[in-house]
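Turn these sequences into a full structure, and let the hints guide you.
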Amino acid sequence: MDFQPQVNEELLDQAIALHGLSLVSILHQVQDHYGYLPEVVLRALCRKSGIPLTEIYGVATFYSYFSLKPRGRHQITVCSGTSCHVRGSGRVIKEVCNLLQIQIGQVTPDGEFSIETVNCLGCCAFAPVMVVNGQYHVHLSPAKAREIIISIREDAARESDLQTQEAEQEREAVPLQKDVSLR
Amino acid sequence: MIEIRLNGQRVKVEEGVSVLDASRFYGVHIPTLCFLEGLSPYGGCRLCLVEIGKPGQSKLVTSCTYKVEEGLVVRTQSERVIKRRQMLLELYLATCPSSKIIQDLASKHHVTQVRFQPRHEDCILCGLCVRMCKEQMQGKAINFAHRGTERAVCTPFDKKSEECRLCGGCMYVCPACQARCQGPGAEEAICNACLNLPQPCLEHFDNAMCYMDPCVACELESKREHDVKGGKKA
Chain G
1 MDFQPQVNEE
11 LLDQAIALHG
21 LSLVSILHQV
31 QDHYGYLPEV
41 VLRALCRKSG
51 IPLTEIYGVA
61 TFYSYFSLKP
71 RGRHQITVCS
81 GTSCHVRGSG
91 RVIKEVCNLL
101 QIQIGQVTPD
111 GEFSIETVNC
121 LGCCAFAPVM
131 VVNGQYHVHL
141 SPAKAREIII
151 SIREDAARES
161 DLQTQEAEQE
171 REAVPLQKDV
181 SLR
Chain C
184 MIEIRLNGQR
194 VKVEEGVSVL
204 DASRFYGVHI
214 PTLCFLEGLS
224 PYGGCRLCLV
234 EIGKPGQSKL
244 VTSCTYKVEE
254 GLVVRTQSER
264 VIKRRQMLLE
274 LYLATCPSSK
284 IIQDLASKHH
294 VTQVRFQPRH
304 EDCILCGLCV
314 RMCKEQMQGK
324 AINFAHRGTE
334 RAVCTPFDKK
344 SEECRLCGGC
354 MYVCPACQAR
364 CQGPGAEEAI
374 CNACLNLPQP
384 CLEHFDNAMC
394 YMDPCVACEL
404 ESKREHDVKG
414 GKKA
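Protein chains in written order, with our numbering: chain G, 1 to 183; chain C, 184 to 417.
If you are wondering where the hints come from, they were derived from the structure by calculation, not from laboratory data.
We put the beta carbon where it would ideally sit given N, CA and C, even for glycine.
Some hints here could point you the wrong way.
Claimed, not checked - Simulated pairs of lysine-lysine, DSSO-like, Cα-Cα distance not exceeding 30 angstroms: (1) LYS195/C to LYS266/C; (2) LYS48/G to LYS343/C; (3) LYS266/C to LYS69/G.
What the hints assert, rightly or not - Which chain G residues stay away from chain C? Per the calculated CB distances, all over 10 angstroms, these: (4) PHE3; (5) GLN14; (6) LEU21; (7) ARG71; (8) ASN98; (9) GLU154.
This is the structure we're talking about:
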């Protein structure tokens, strides 16, 4: 059995109270909270709102924005629309996939990155386009895409290093304080 | 009551009924695949196409979802309609050649060739099972999911549904589930046995003895006889 997160009952109640039976709005809120749409949460939503599960599942699978599988912490979206395709988005996708060692629609084993393609991002003049964490990267080449991903990876590593350092410092700091209080 | 022109004839119909219902009420046959009385019209199979409006400004609409209006001009058998219908049937034959209903419709509408690669799908996405489950059985166990070429009818998360009562209503209405008759050329994409072969049953039994109701071969035969008689009179 796959890992299933805890159902946040409060969030569901709040979403239903706010949006009524507007399913897409509720799903937006659920996905914002969990990062994807977990099965248990959709089942709970069906119980609470009375919307048939078949309808929820139909809508959730219809829109490519919604995902039923967990996504990476950094979400990479590469455009494969006509303009981007003509300007070489295929090579960008290949490069990114090679770099991260995953296929389109998959997540890296460490849960950091996930790749997906969309059919248009609405800025064809800047083709080829890639969106990482909501930030648009334009006029890409495979090399440029590679640099962007590596820099994000380094930033993430630095951040986690900082966090562990801080944690260590806190751990070290605690006995010191105790000493002070003892004196 | 409002007046429409149905194949050139002025007829009175009740307001709010669909063009399909009005036509069937006056005995004008329109073929359908995704329509079933008692279920909401869906307009998915497009076989019930009719031409509406004056010549030159006419357009094709699905008669099962189009409501009648005052003075509406409807043509159910124009050349444009027949051509489109035959093309649709050809596409359906290529999608699902193993279905008796589709083979029968093809023979009935004189579709004698399939110019597409047979795909042998087991679903034509007519949505009959979905509506049957939801509207007649109050089940809501299956629905359409995914989009585009991946669109399919399935239960949520492709798991065994808790709502399904195994009533079998979905299979009962499915046009793709009905296996076709195993005549000559049962492996081929198109059968046309009703069109080409004289039916032995027609010589030995009358219609009352036959369990196949409606039988396309009988219908075509009686129509042929009717045409011959009509021709003699003329």
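Item to check | Distance rule for ASN98/G, whose beta carbon must clear each one in chain C by more than 10 angstroms | outcome: Holds: least Cβ distance 26 angstroms, greater than 10 angstroms.
Checklist entry - Within 30 angstroms, alpha carbon to alpha carbon, are LYS48/G and LYS343/C? => result 21 angstroms, holds
Checklist entry - Does LYS69/G lie within 30 angstroms of LYS266/C when you go C-alpha to C-alpha? => result 45 angstroms, violated
Checklist entry - Would PHE3/G pass as off the interface with chain C, using Cβ distances and a cut of 10 angstroms? => result About 15 angstroms separates PHE3/G from the closest Cβ of chain C, which puts it past 10 angstroms; holds.
Item to check | Cβ separation check - ARG71/G to all of chain C, threshold 10 angstroms | outcome: The claim stands: ARG71/G keeps its Cβ more than 10 angstroms from every Cβ of chain C (closest is about 18 angstroms).
Checklist entry - Beyond 10 angstroms from chain C, beta-carbon-wise, is GLN14/G? => result GLN14/G clear of chain C: closest Cβ-Cβ about 24 angstroms, beyond 10 angstroms.
Checklist entry - Is GLU154/G truly not at the interface, in the sense that its beta carbon sits beyond 10 angstroms from all beta carbons of chain C? => result About 37 angstroms separates GLU154/G from the closest Cβ of chain C, which puts it past 10 angstroms; holds.
Checklist entry - Hey, does LEU21/G actually stay past 10 angstroms from chain C on C-beta? => result 15 angstroms, holds
Checklist entry - Does the structure keep LYS195/C and LYS266/C at a Cα separation of 30 angstroms or less? => result Judged against 30 angstroms, a Cα distance of about 28 angstroms means the pair holds.
In the structure shown, a violation is registered for the earlier hint numbered 3 alone.
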